[in-house]
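Chemist: Residue-level listing of the chains:
2 protein chains.
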Amino acid sequence: MPELRKDPVVGRWVIISTERSRRPSNFTPETFPSSATFSPFAEGREDMTPPEVYAVRPKGGAANSPGWTVRVVPNKFPALQIEGSIDRRGEGLYDKMNGVGAHEVVIEGSDPQLAFADQSVEQIQQTLIAYRERMLDLQKDKRLRYCLVFKNHGAGAGATLEHSHSQIIATPIIPRQVQEELDGAKRYYELKERSVFTDILDQEMAESNGRRLVSTSERFVALAPFAPRFPFETWILPRAHRSSYHTISDPEEFLDLARILKDTLQRLNTALDSPPYNFVLHTAPLGEDDLPYYHWHLEIMPKLTRVAGFEMGSGFYINPTPPEDAAQYLREIVALT
Amino acid sequence: MPELRKDPVVGRWVIISTERSRRPSNFTPETFPSSATFSPFAEGREDMTPPEVYAVRPKGGAANSPGWTVRVVPNKFPALQIEGSIDRRGEGLYDKMNGVGAHEVVIEGSDPQLAFADQSVEQIQQTLIAYRERMLDLQKDKRLRYCLVFKNHGAGAGATLEHSHSQIIATPIIPRQVQEELDGAKRYYELKERSVFTDILDQEMAESNGRRLVSTSERFVALAPFAPRFPFETWILPRAHRSSYHTISDPEEFLDLARILKDTLQRLNTALDSPPYNFVLHTAPLGEDDLPYYHWHLEIMPKLTRVAGFEMGSGFYINPTPPEDAAQYLREIVALT
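Chains D and E, in that order, give the protein sequences. For any residue, its number in this note's numbering is found by taking its place in the first sequence, counting from 1, and adding 414. For any residue, its number in this note's numbering is found by taking its place in the second sequence, counting from 1, and adding 414.
In short, the hints are calculated from the structure, not lab data. Among the clues, some could well be false.
Identical chains blur together in the list; that is why a pair holds if it fits in one copy or across any two.
[What the hints assert, rightly or not] Keeping only pairs whose Cα atoms sit at most 16 Å apart, straight-line, the calculated EDC-like set for lysine to aspartate or glutamate is:
| id | residue 1 | residue 2 |
| --- | --- | --- |
| 1 | K420 | D501 |
| 2 | K606 | D501 |
| 3 | K606 | E576 |
| 4 | K600 | D421 |
| 5 | K420 | E621 |
| 6 | K606 | D616 |
| 7 | K473 | D461 |
| 8 | K510 | E738 |
| 9 | K556 | D687 |
| 10 | K556 | D501 |
| 11 | K600 | D501 |
| 12 | K606 | E466 |
| 13 | K556 | D703 |
| 14 | K606 | E746 |
| 15 | K473 | E666 |
Pulled out of the complex, with its shape left as it was, chain D reads as follows (with noise of 0.2 Å):
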């Protein structure tokens, strides 16, 4: 059973995995097999991974057959595992509980080699609808307090398969980034009874500014924001106020924030000659589905430079593209989709 464990001093927990312990001998660095030659999320190959806990099959047929455009199975090197109680305890002065928890993997189409930007908005839409789907399934599970979406394409960005997939991750506490992010939001709510994001919603939307606006949509806006981490780092936020992802019921509102999407990674792929990048779904804790003072939005993070000690040691970072830059270098570019 993993174990999670929390650092005494600042509280980050981290999950340590005491059954696949790699030995020094393992670190070296890992092969990324081209999906040309062999992917064991293939259709056809439905017997390599474990059995699906959803897919869409839209001229029907069996489980764990083929004929899937999105499939979601557990990840066969889970990180957390599904069985078994949370069992609090200590160790001296530590803390530390089973790694209880779910660690799925989203197959994002059948094809090995077409990549995420490059499928059409009704794929992207499908894939968006089955984050929603098993955020929806895992909420049951009293045990889970969040459920993280997150993607890494590109070796670069810690891919070690080149088939399209994202990743889920529900945990049984509130990730310590996530939990800052709430607290932040919250304290403004409380100083200015209005949410924080959609005052960020409203300045840089103003006609006098939108100066780091990428793209606008129906329903959505695509930004750099104001104080990034990383060169070209967008985000997505809904127009409306909305705190929760799986909140989203109406299929043209996944289907307009695919084709944002997709927009937005074929103008990071031209501006920046297709990067590795990471995306990650920051929405409210399961069971909390209307909070005033959080928005749900989705971070994309190019991986265009590299995270060292500075960064690492103090948590602050240095940015060598002001977001303006950045904002102005993506509008310029002509939409492909």
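Assemble chain E onto chain D, guided by the hints.
Modeler: Here is chain E on its own, set in the frame of chain D:
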């Protein structure tokens, strides 16, 4: 002038380089020239760096001339600028200030190819003393509130030059992660009336334990922390309570620290085939010399795994090597020093 900008939700400060903005085409991978052919830090090339602010010249000699063993110079491409006033101001709901601060490079020896861990303990001692001297000098500048000392070793850890060096960044704000560490330690002290670091040392060194110890010396302890973010993360802590690094004055203490630091780095080199690594000195803010709740220490992080979307989105780390296993591997290595 670089700008310091604050994220309006989480309060995270970032440094935005507004003068040497990197355009999209500037993000091609950086070359890492071998010091065998060229090092701007080599002896005899003192005119290739800004004029030195500190140097050790055992046989005397003029500033910025050969004959030094350790030399500290302003960074030629500083992230912060030493001249100017802080000038806090708003931009609508956002907060920013001028990027005032110091950014210095500690050149840790005149041999361009001798790695830090392979230097003599006396040479390492001189670097450790240089850190202290720079902190004492920077502390006189009342605009500066924190002095961060860190080392990026190897291209994989963010170094752009092979010649052994570390960096000092002094900032007009206390970095977020440092403040969290101070706050966490203070809360523990208020609850227990004891330092959390002293309690950690007591628990780790109790005869019944020792599972996370790597080595001990007269005045220091090297250990794997209970909740490490990274595989083989190793901390060096002084046995005696002291909150600020720069209040060390006994040369013997620096020598003892040099010995355990060299020994730890050599163990990591042997276990992990000379990995890239970062180390970061954690110390109290400038001007706060005697905090009963805080304990300076050094955190060493070999760079073996990639930080990806999950970690960046959550601040929640997955570590595939339990610290008890890492400490055992490192303990069992016969010290080479």
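Chemist: Next step is simple, just say for each hint if it's right about the structure.
Modeler: We went through each hint and held it up to the structure:
1. K420 x D501: For K420 and D501, only the intra-copy Cα distance (14 Å) is at most 16 Å; the inter-copy one is 39 Å.
2. K606 x D501: neither (40 Å within a copy, 25 Å between copies)
3. K606 x E576: neither (46 Å within a copy, 51 Å between copies)
4. K600 x D421: between (25 Å within a copy, 14 Å between copies)
5. K420 x E621: neither (46 Å within a copy, 23 Å between copies)
6. K606 x D616: Within one copy only: 14 Å inside, 46 Å across.
7. K473 x D461: Neither: 20 Å inside a copy, 72 Å across copies.
8. K510 x E738: between (44 Å within a copy, 15 Å between copies)
9. K556 x D687: Neither. Shortest intra-copy (43 Å) and inter-copy (44 Å) distances fail the 16 Å Cα cut-off.
10. K556 x D501: Only inside one copy: K556 and D501 sit 14 Å apart there, 49 Å across copies, limit 16 Å.
11. K600 x D501: neither (30 Å within a copy, 28 Å between copies)
12. K606 x E466: Cα proximity of K606 and E466: none, with 46 Å in one copy and 49 Å across.
13. K556 x D703: For K556 and D703, only the intra-copy Cα distance (14 Å) is at most 16 Å; the inter-copy one is 47 Å.
14. K606 x E746: neither (35 Å within a copy, 58 Å between copies)
15. K473 x E666: neither (22 Å within a copy, 76 Å between copies)
The structure fails hints 2, 3, 5, 7, 9, 11, 12, 14, 15 (numbered hints given earlier, in ascending order).
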